[in-house]
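Chains as they are written, first to last, in my numbering: chain A, 763 to 935; chain B, 395 to 713.
If you are wondering where the hints come from, they were derived from the structure by calculation, not from laboratory data. We put the beta carbon where it would ideally sit given N, CA and C, even for glycine. Hints should not be assumed to be uniformly reliable.
Here chain B is said to cover these stretches of chain A; the calculated rule only asks that three of the stretch's residues, wherever they fall, bring their Cβ under 8 Å from a Cβ of chain B [unchecked claim]: (1) 820 to 828; (2) 835 to 846; (3) 873 to 884.
The calculated label-pair distances, taken between Cβ atoms and stated as ranges, are [stated by the list, open to error]: (4) A:Arg-903 x B:Ser-472: 32 to 38 Å; (5) B:Lys-688 x A:Phe-872: 34 to 40 Å; (6) B:Asp-474 x A:Glu-896: 32 to 38 Å; (7) A:Ala-905 x B:His-522: 32 to 38 Å; (8) B:Ala-656 x A:Ala-787: 50 to 56 Å; (9) A:Lys-836 x B:Val-438: 21 to 27 Å; (10) B:His-522 x A:Asp-827: 28 to 34 Å; (11) B:Asp-496 x A:Gly-889: 47 to 53 Å; (12) A:Gly-921 x B:Arg-618: 54 to 60 Å; (13) A:Arg-834 x B:Asp-616: 45 to 51 Å; (14) A:Leu-893 x B:Ser-472: 40 to 46 Å.
Here are the simulated lysine-lysine pairs, DSSO-like style, with alpha carbons at most 27 Å apart [as the list claims (entries may be wrong)]: (15) A:Lys-836 x B:Lys-439; (16) A:Lys-831 x B:Lys-447; (17) A:Lys-836 x B:Lys-558; (18) A:Lys-831 x B:Lys-439.
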Amino acid sequence: MTSAILPDAEATLAVLADKMRGAIAHDARLIGIYSGGAWLAERLAGMLDGEHPVGYIDVSFYRDDYAQKGLRAKLETTTLPFEVAGSRIVLVDDVLYTGRSVRAAINELFDYGRPEAIELAVLIDRGGRELPIEATYVGARLAVARDLSIVLQRHLDGGLELSVEQAGGAAGA
Amino acid sequence: MRNPQLNAAGRLQHLLTLEELPADIVNRILDTAVPFVSVAERDVKKVPLLRGKTVFNLFFENSTRTRTTFEIAAKRLSADVINLNIGVSSTTKGETLLDTVDNLVAMNADMFIVRHGQSGAPHLIAQHLSATGRAHIHVVNAGDGRHGHPTQGLLDLFTIRHYKHDFRRLTVAIVGDVLHSRVARSLIHGLTTLGTPEVRVIAPQTLLPTAVESLGVHVYHDMRAGLSGCDVVVMLRLQNERMKGSLLPSAGEFFKHYGLTAEKLQLAKPDAIVMHPGPMNRGVEIDSAVADGKHSVILPQVTFGIAVRMAVMSMLAGN
Chain A
763 MTSAILPDAE ATLAVLADKM RGAIAHDARL IGIYSGGAWL AERLAGMLDG
813 EHPVGYIDVS FYRDDYAQKG LRAKLETTTL PFEVAGSRIV LVDDVLYTGR
863 SVRAAINELF DYGRPEAIEL AVLIDRGGRE LPIEATYVGA RLAVARDLSI
913 VLQRHLDGGL ELSVEQAGGA AGA
Chain B
395 MRNPQLNAAG RLQHLLTLEE LPADIVNRIL DTAVPFVSVA ERDVKKVPLL
445 RGKTVFNLFF ENSTRTRTTF EIAAKRLSAD VINLNIGVSS TTKGETLLDT
495 VDNLVAMNAD MFIVRHGQSG APHLIAQHLS ATGRAHIHVV NAGDGRHGHP
545 TQGLLDLFTI RHYKHDFRRL TVAIVGDVLH SRVARSLIHG LTTLGTPEVR
595 VIAPQTLLPT AVESLGVHVY HDMRAGLSGC DVVVMLRLQN ERMKGSLLPS
645 AGEFFKHYGL TAEKLQLAKP DAIVMHPGPM NRGVEIDSAV ADGKHSVILP
695 QVTFGIAVRM AVMSMLAGN
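Use the sequences and the hints to build the structure in full.
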């Protein structure tokens with residue numbers, strides 16, 4: 763096991779915002795995947811130029827491990843306060859790992875309408891993909907042992923922090 | 395002995411009754427139903443959770459409404475749904491309940507939604523499946539005899555929580571034909587489990603089960619006294635088809651004493667909600683002005699009922 767040296771979440775977020783600035787469509791909608799991605803989408807909306815409406819997605823109904831694990835206990839409600847059909851969308855997540863959550867999110871989005879385009883912004887790309895999915899914008903790349911999870915936490919003051927936990931079963935970021 | 399509704403891991407395996415269902419599971423069902431409400435508001439009113447699963451609506455007793463809501467819920471989960479109204483087919487040819495079940499299991503059923511006139515029929519099916527090594531097939535009670543109607547109880551709880559938030563501060567009155575009502579029985583168990591301090595039943599003595607107080611409710615025979623200070627008023631359908639003999643003088647007489655009118659409703663709290671499981675007998679247990687009035691949440695109950703049934707089915711199928 764290699765103990766991962768984690769980058770500072772706030773600094774990585776600034777890097778991610780820099781990469782997105784000027785690159786994303788001026789009217790792009792930011793859709794955060796619960797829960798880490800939702801916090802990031804809110805923060806990014808304030809850091810980027812222009813108006814970027816924020817939506818939230820809980821992919822639980824579309825996960826491919828439902829048959830093995832059942833429905834998670836704590837569900838959030840997907841809330842997209844804009845038309846998905848014809849929109850340019852940036853999906854936002856904290857950690858890109860297997861790609862399965864992103865697959866689920868894209869499937870769910872299409873049940874709301876046909877987007878013009880979907881991009882993906884992630885704070886951390888830790889490799890380990892099990893699906894042909896890549897992020898358009900990445901804050902930092904990191905190699906982490908398979909038995910560890912990278913977890914984004916939000917403090918009461920809104921500040922973000924990354925930590926490492928022992929993975930509980932197969933990770934599904 | 396283990397609660398027959400829970401599997402070895404303590405997760406919900408069947409939904410047979412709200413009796414002895416732990417509060418954390420009841421709350422989890424209600425929590426899970428919240429995001430399902432918004433699925434109905436989308437372009438594509440479907441999620442893929444039960445894709446490839448086959449759900450049998452096994453109705454030994456007629457109920458178009460309940461069957462339809464289960465059918466919609468299962469279809470919105472992407473299940474294949476087969477409706478069987480058995481009351482008039484196999485059983486009249488002499489097939490037993492469990493033979494019917496075995497035949498449907500041979501057709502690779504994944505879940506049975508069971509409505510039966512006999513109390514305990516869904517339990518019997520669940521036990522039979524367990525005893526024959528087919529415990530992965532789930533059973534949902536959609537109303538059995540006078541015993542229970544747990545998904546109706548859950549949708550009532552969901553509706554109350556949606557409008558009133560905290561059960562621990564509520565006074566809830568259940569009015570009318572409690573004797574024949576499995577809805578009332580399920581709701582009373584659910585309200586008690588979630589810590590409702592004051593549950594009242596308001597009915598003539600002839601329409602109350604014996605020893606109804608043992609369920610933890612306060613009994614009122616006078617509607618005005620019973621409605622006083624209530625946050626929630628649940629009207630029950632007068633079940634004419636279940637009445638044997640003369641429990642009541644007449645429907646008109648019943649309405650006079652136990653029908654909900656705007657004038658009587660004024661005795662409840664100003665922000666009280668009025669519920670009814672449907673189908674309503676207007677002018678028998680509820681006045682049209684109340685049924686269609688601003689306190690009524692009868693139609694939201696129907697909408698929430700689908701979300702609650704989706705939550706139950708998707709929790710079962712994943713456990």
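Do the hints match the structure? See the list:
no.: 1; hint: 820 to 828; result: holds (count 5)
no.: 2; hint: 835 to 846; result: holds (count 7)
no.: 3; hint: 873 to 884; result: holds (count 3)
no.: 4; hint: A:Arg-903 x B:Ser-472: 32 to 38 Å; result: 37 Å, holds
no.: 5; hint: B:Lys-688 x A:Phe-872: 34 to 40 Å; result: 39 Å, holds
no.: 6; hint: B:Asp-474 x A:Glu-896: 32 to 38 Å; result: 36 Å, holds
no.: 7; hint: A:Ala-905 x B:His-522: 32 to 38 Å; result: 53 Å, violated
no.: 8; hint: B:Ala-656 x A:Ala-787: 50 to 56 Å; result: 55 Å, holds
no.: 9; hint: A:Lys-836 x B:Val-438: 21 to 27 Å; result: 24 Å, holds
no.: 10; hint: B:His-522 x A:Asp-827: 28 to 34 Å; result: 31 Å, holds
no.: 11; hint: B:Asp-496 x A:Gly-889: 47 to 53 Å; result: 51 Å, holds
no.: 12; hint: A:Gly-921 x B:Arg-618: 54 to 60 Å; result: 57 Å, holds
no.: 13; hint: A:Arg-834 x B:Asp-616: 45 to 51 Å; result: 48 Å, holds
no.: 14; hint: A:Leu-893 x B:Ser-472: 40 to 46 Å; result: 21 Å, violated
no.: 15; hint: A:Lys-836 x B:Lys-439; result: 22 Å, holds
no.: 16; hint: A:Lys-831 x B:Lys-447; result: 16 Å, holds
no.: 17; hint: A:Lys-836 x B:Lys-558; result: 21 Å, holds
no.: 18; hint: A:Lys-831 x B:Lys-439; result: 24 Å, holds
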